[in-house]
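Residue numbers (our numbering), protein chains in the order written: chain S, 1 to 463; chain R, 1001 to 1998; chain L, 2001 to 2177.
Keep in mind that a hint or two might mislead.
Stated by the list, open to error - Below, computed lysine-lysine pairings styled on DSS-like, alpha-carbon distance capped at 25 Å:
(1) S:K307 x S:K368
(2) S:K69 x R:K1224
(3) S:K369 x S:K307
(4) R:K1224 x R:K1549
(5) S:K69 x R:K1454
(6) R:K1743 x R:K1962
Claimed, not checked - Which chain R residues face chain L? A few, computed with CB under 7 Å, are given here:
(7) G1815
(8) D1817
(9) I1921
Stated by the list, open to error - Far from chain S by the CB rule (all over 10 Å, computed), these chain L residues:
(10) Y2006
(11) R2031
(12) L2065
(13) D2152
(14) D2156
(15) P2169
(16) R2170
(17) E2174
Source of the hints: derived by calculation from the structure; they are not laboratory data.
For glycine and all other residues, C-beta sits at the position ideal for the given N, C-alpha and C.
Single-letter residue listing:
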Amino acid sequence: MSEERRQIISVERGRVPVIAPGHTFATVTDKISTIVLTRKTPLYWLVPFLIASGLLMVFLTAVSYLFVKGVGIWGIRVPVMWGWAITNFVWWIGIGHAGTLISAILLLLNQSWRNSINRFAEAMTLFAVACAGTYPLLHLGRPWLFYWLFPYPNTMGVQPQFRSPLVWDVFAVSTYATVSLLFWFVGLIPDLATLRDRTHNRWAKATYGILAMGWRGAASHWQKYETASLLLAGLATPLVISVHTVVSFDFTVAIVPGWHSTIFPPYFVAGAIYSGFAMVLVLAIPLRAMYGLGDLITMRHLDNMAKVMLATGQIVAYSYLFETFIGWYSANQYEIYAIWNRLTGPYRWTYYALILCNLVIPQLLWLKKIRTNVVWLFMISLDVLVGMWLERYVIIVVSLSRDFLPSSWAHYWPTIWDVATYVGTIGLFFFLFFLFIRSLPMISIFEVRTLLPQAEVTEGVEK
Amino acid sequence: MTNPSKPYAYLDLAEIRARLDSSRGREYWRSLEELANTEGFEELLEREFPRQAAEWKDDAAGRRQFLKVMGASLALAGLSACTRQPTETIMPYVRQPEEVIPGKPLFFATAVPIAGVATGVLVESHLGRPTKVEGNPDHPASLGATDAIAQASVLDLYDPDRSQTLTYLGDIRPWSSFLGAAREALGPQSATGGAGLRFLTGATTSPTLADQFHAVLQKFPRAKWHHYEPAGRQASRAGARQAFGEPLNTYYQLAKADVILSLDSDFLCTGPASVRYAADFAARRRVRGQQTAMNRLYVVESTATPTGAKGDHRLPLRAADIEMFAAAVAAGVGARGVDTSAGSQMTSGPHAKWIAAVVKDLQQHGGASAVIPGEQQSPAVHLLALAINEALGNTGKTVIHTDPLDLNPVDDFESLRELVEDMDAGKVEILVIVGGNPGYNAPVDFGFTQRMSKVKLRIHIGLYADETSELCQWHIPEAHFLETWSDARAYDGTVTIMQPLIMPLYFGRSVHELLAAFGDQPNQTPYQIVKGYWNRQHPGPDFEDWWRKAVHDGIVPNTVLPARQLAFKSSAAPAKPSQVQGLELVFRPDPFIFDGRFANNGWLQELPKPLTTLTWDNAALVSPRTAERLGLQNEDLVELNFRGRKVKAPAWILPGHADESVTVHLGFGRTHAGRVGNGVGFNAYALRTSDAPSFGSGLEIVKTGSKYPLAVTQNAHLMEGRAIVISGEIDEYRKHPGFAREKAEEPPKELTIYPGFKYEGYAWGMAIDQTACVGCNACMVACQSENNIPVVGKDQVLMRRPMHWIRVDSYYKGGMDNPETYFQPVPCMHCENAPCELVCPVQATNHSAEGLNDMVYNRCVGTRYCGNNCPYKVRRFNFFLYSDWTTPSLKLQRNPDVSVRSRGVMEKCTYCVQRINEAKIDAEKEGRKVRDGEIVTACQGACPAQAIVFGDINDPASRIAKLKAEQLNYSLLAELNTRPRTTYLAALRNPNPEIENS
Amino acid sequence: MKPPVYGLMAEFESPTALAAAARRVREQGYRRVEAYSPFPIEEVNEALGLHHNRLPMLVLLGGILGGLTGYLMQYYIAVVDFPINVGGRPLHSWPSFIIITFELTILFAALTTVLGLLGLCGLPMPYHPVFNVPRFALASRDRFFLCIEARDPMFDRHDTAEFLSSLDPREVCEVAH
């Protein structure tokens, strides 16, 4: 692989480097590990962490009240029996996708620039999946029986019903969470070893030592290690595609007009990556400012991610157009009405807002000026996150509110508890994320080392 | 109940406190203390637990504790009283098993009296607990079906808010002290012949009560018996008095009528004979195969009603104009003896063609037609209707006159006015209000409440301590009709002896006992009184057998009132057209709450009213055009200013309502109805004066600018061009019978590459005839009481979370001002390819071998995915803990064969699987198959029009199989290939070509 | 009998130096040699002749096992153990079973990968002699080490140390047990 690496690096010489010049193994190691090992906790960490904790309290309150009273505290009703909960579930799951994509797919594609962003992107994946995972449980009428969705030997002799997309979800999401966690942890082992060797605090040393499992960077280990991470990447790639496909099955398998469509899987996956990269940018831009990581997470990274957003954004835009076209082309009066209702019904403003957020505004990313301006990037990323949430809201709520029999049509509106739960999971997400950046290297140290020019063996490699 | 650790704690008082409604908790305890100390209570005690009472003699503290405990238990919906079997012998309707077998319900024949008139019913009793009302097939007013109110009446029995104690000025008194007080007061009266004694009753038809009254009036010749029924039948009596010189009871034999003209009459859904009328009406519209004969219904009405919806032609007219319309028709058919000059305005007006066609049609069917005036119409309209029927020769054929059903056939308002004037003049010393609630529903201009104070002794007997008992010193809890003996007449005079199914839960007294108190033998039981009366009618040795049979059948033989043939007096007063200026205000009794007496019945409050689907409220109903003129939107809170009296009411736009007319329903805005009924809706009685009892002009509407949320269960009434209710005209069917199936586009079975499931043995299915359904919603209540469906309350209905397993959708066709209206009852379709089952992750809903879409409550985790994926939206979810798990008396009502659902599970129509299994078990025991018609679902049993048919579609001889083979039979949303087991018969109309073409 | 020391360790400044040294040591005939570096270096692996790797085969087997488990579990539950009419669909609705089959394939394969990695590397390993070298902590930062183990037949405490010093390392030191 050294051949390729050399080529890449030599090619990159011409352009903005992935890592700002002047770094050595020692400097990158110290720079990244100090963020974790420093004794004093900076204010710019503490303040957002406290805010996140506050939102986490909101979450706990909302959930406690939910368990006491029942899902009736939400705005769900007949016929809209799924509301914000499932919207948020799909939204969070989608966001997760970017992490796996960066760590797995870009690895397979030899996009070595991803080395300095994959670590926290993967962490984001884990926490997003954690947030997403709460919803299918919370939205149950009898949440304490959630385990009935898993197959296990039981005295009732009843098992899950494997034709139901919800059971597919259970397997897809839990598999996804597990594999992402493994991938992330395997990636952490060498850096945990670094922290073990660098910290002076006994407890920290013990903890990192246990987690590093005695890693000592032996060549024979490195060799298996690289194979393993390639294998994991190869497994995670189809998985990440499958997860959102399965999530989209929740809708495509149902017969509700506006759900029952075959284009959902690719359309959902693209949307997922779209929102995922938006979230990575939303996280990366403040982080590099806070911790002065501009030299490790360079403009190149932001630019590349913006390009990925632009590309997936175009796919999503195409899907919207095609969804509408299929609605008309189906010549099915219910499908046609569902589309018509989106465009002109009582919820039309959500659809137009979604078009604005996901289609119109992101077109700015065609301009290099915008792509290389952190403020603009940050705003556009936020806008995309809003847009992608609206997309799921339109699909779920608007389609359900007017299905086959007009007699059952009703207007849905959320309650304060819907909002509290949603805001709460955002709190949960940032709570976990800030704990992560304080206790683990948010950038993969050993992978960044390989990006340095010194990392290449300069002579006498040929046999 | 004993607790060894606490010797005297026979009942956990903390638990009682917890059970009591917190808001009422405090007084409740105070009254308990009193309860525990009155001698009346000891009397109760002696009656009930003499031995235990004696046990405590020597121990004061213990005795006190014991009394408290007993007080608590009695006050708490009679924990001990609730399951006591009556000691008098009553006759199980089903002969075997004679004795009670747990799990085997018994049926007892009795009657539900509404405004005094009986509908015969069979009441299902589980171990002495009446749980469900079914129609009595032998009874002429029922034919096995019931209306919504009769279905809900069983809930009233267990209503924890019913008055539970006899009170004097709010203090609890024993029956004995009331008797004492009555005797004391009557002493001076006997001297004056009862000059100061007044009785006020509602409409009542009980022969026994009549007998008692006459006895009392003989004893006190100068006493007066007044009569006030807020939504009574005095208009028809007045009309008859004008026509024939005496008040008469008029009913119709619609089975013989080819053409029916309704003059503002909702005869299909309201009134004592509506159940029978609906049955006869629907029977004449059953189009099967080659049998394509249909009757024709013309409806002229102000408020849009289900009857209007069923009309082949419907003409919205202001209530006041209907008199002119009637006059025009009368003139057209050449009615004699009435002044029809008023009709000229109509015959020259825009409706001339319409009227001409109706007249022609009526004349062509002389003797086989019927003109039915509305109970809320003016006497003049009734007079004209009588004249028209005379002219058409319908009288004696389709229109039957008999002596009045009411024992005291006077004009309600005049009678009450007389009483009020006497009260004002101080002539009234003792006023006994027997049932009724004049304190709430008397015309405002009488000032009844103020004048009550001028009466020395005021006695009220009623189910509830209501607005009227507030005005009386004595309040006597009345026994529910399921708790006591009585008798009543049906619309045609048929007498039913009403037998109790349970001892009074709250020690209520029957009106018979009350009247006995004013007679010579004050201490007779209702059983003695009723049986005694009938023994006098049927003396002789065979009386016991006669009595057994009469009570058992629920019908007293040969009590149908004979038809009267009277000469139509030409001296009838001429009908003068009432001057109509400005908006018109129309009063109507609520279809379910009636005049307000059922206001505390949660089932009826939550039952969507026909057409508006409004629950938990009444509204000011206006036509779309009038709403436009006044700039009104739905839910606008407006001020109704009627002849100087003001009431705030929410507006609701009702397509098909007459323009320039506003309808308000009576019976809401109660203040002493109970926890359910208090403060629900607005009180329309506040606008109702004796000079405009049913309608009157001079209404002004002022927008307040604020909104008032109304809980409706259906917002969209247009079919959006979808094949939902497939309808056609009878001629279309004759030419091309298959039109319905073609519209439904059912995909062929061969489309799938997989073999479908085979259903050997039974295959349950249902067919609903949309031509027959009159949209009365009786099925919804029947289902609710059979399947323990909870009441969720207005807030939850506003959140669109009603729990009814079957709903009656209504759809409009044509313009807003006078649309065609179709009813579609929607239970679970039990699809063979059920979309709900496919998506359930835990197999909580799947298919039985007999094709039932089963719902396994205790497996359901509540993902609600099935609800989303059900294209018919028949699945209902327990978003909260809706079922009442605490109120003891309500538990008694529950059907033990149906599990009470808890929070977080999905539920839906099961085709009454408990009834299916019961029938299957019986069949297996006898080694046979279930017979066709042996299983009757709750909705089917209640349906007056017999629009619902259930059975085994694998049995080619069954009714259901035959219906499924009908050309009119189609599946709802068939193109989805869900293969519903519930199918529909397309709705047919029989319009008059002459009107169609014009 | 156990040798007195675990081996001899030489410290280098750059990956290039390490790779060169590793090649020399191999040429010299040493076989029990291990290199330590803060990041993977292909050349060192080649120099030390590390080619063989059984991990992919294990993962393949794990994946196949997962797939079979997934499909057979569903088939058994839906067709054999609890056959019931769900929405009129066939008991053996194989298209619906594919997703879970796929997911379990991935899950099992991924678990095999990680467990296999740890197993083949002999991790977790609470103690290892190389950590006795004080400067070895830098192996996870910016230094590169080469260790000739005492088990090597050619190992000689004195000569081997001589030889290592000739590769101009930063320093050579003994690795105690």
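Going through the hints against the structure:
1. Of the supplied pair hints, the one linking K307 (chain S) and K368 (chain S) holds, its CA atoms being roughly 10 Å apart against a limit of 25 Å.
2. With a C-alpha separation of about 57 Å, the suggested pair K69 (chain S) and K1224 (chain R) falls outside the 25 Å cut-off, and the hint is violated.
3. This hinted pair checks out: K369 (chain S) and K307 (chain S) have alpha carbons roughly 13 Å apart, not beyond 25 Å.
4. At roughly 36 Å between alpha-carbon atoms, K1224 (chain R) and K1549 (chain R) are farther apart than 25 Å, so this suggested pair is violated.
5. For the hint linking K69 (chain S) to K1454 (chain R), the alpha-carbon distance of about 53 Å lies beyond 25 Å, and the restraint is violated.
6. Between K1743 (chain R) and K1962 (chain R) the CA atoms are separated by roughly 21 Å; this keeps the pair inside 25 Å, and the hint holds.
7. With a cut of 7 Å, the hint placing G1815 (chain R) at the interface with chain L is violated, because the nearest CB-to-CB distance is about 41 Å.
8. Contact between D1817 (chain R) and chain L, as hinted, is not supported at the beta carbon level, the nearest pair being about 44 Å apart and thus beyond 7 Å.
9. Given the 7 Å rule on beta carbons, the hint for I1921 (chain R) is violated: about 23 Å separates it from the nearest Cβ of chain L.
10. At roughly 13 Å from the closest C-beta of chain S, the C-beta of Y2006 (chain L) stays outside 10 Å, upholding its exclusion from the interface.
11. R2031 (chain L), annotated as away from the interface, keeps every beta carbon of chain S farther than 10 Å; the closest lies near 13 Å.
12. At roughly 14 Å, the least C-beta separation between L2065 (chain L) and chain S is larger than 10 Å, which holds for a residue marked as non-interface.
13. In this structure D2152 (chain L) is separated from chain S by more than 10 Å, as the shortest Cβ-Cβ distance comes to about 15 Å.
14. A cut-off of 10 Å between C-beta atoms confirms that D2156 (chain L) is not in contact with chain S; the least separation is 23 Å.
15. For P2169 (chain L), the non-interface assignment is confirmed: its Cβ lies about 16 Å from the closest Cβ of chain S, beyond the 10 Å cut-off.
16. With 10 Å as the threshold on Cβ separation, the claim that R2170 (chain L) sits away from chain S holds: the shortest Cβ distance comes to roughly 14 Å.
17. E2174 (chain L), annotated as away from the interface, keeps every beta carbon of chain S farther than 10 Å; the closest lies near 17 Å.
Hint violations for this structure: numbers 2, 4, 5, 7, 8 and 9, all remaining hints satisfied.
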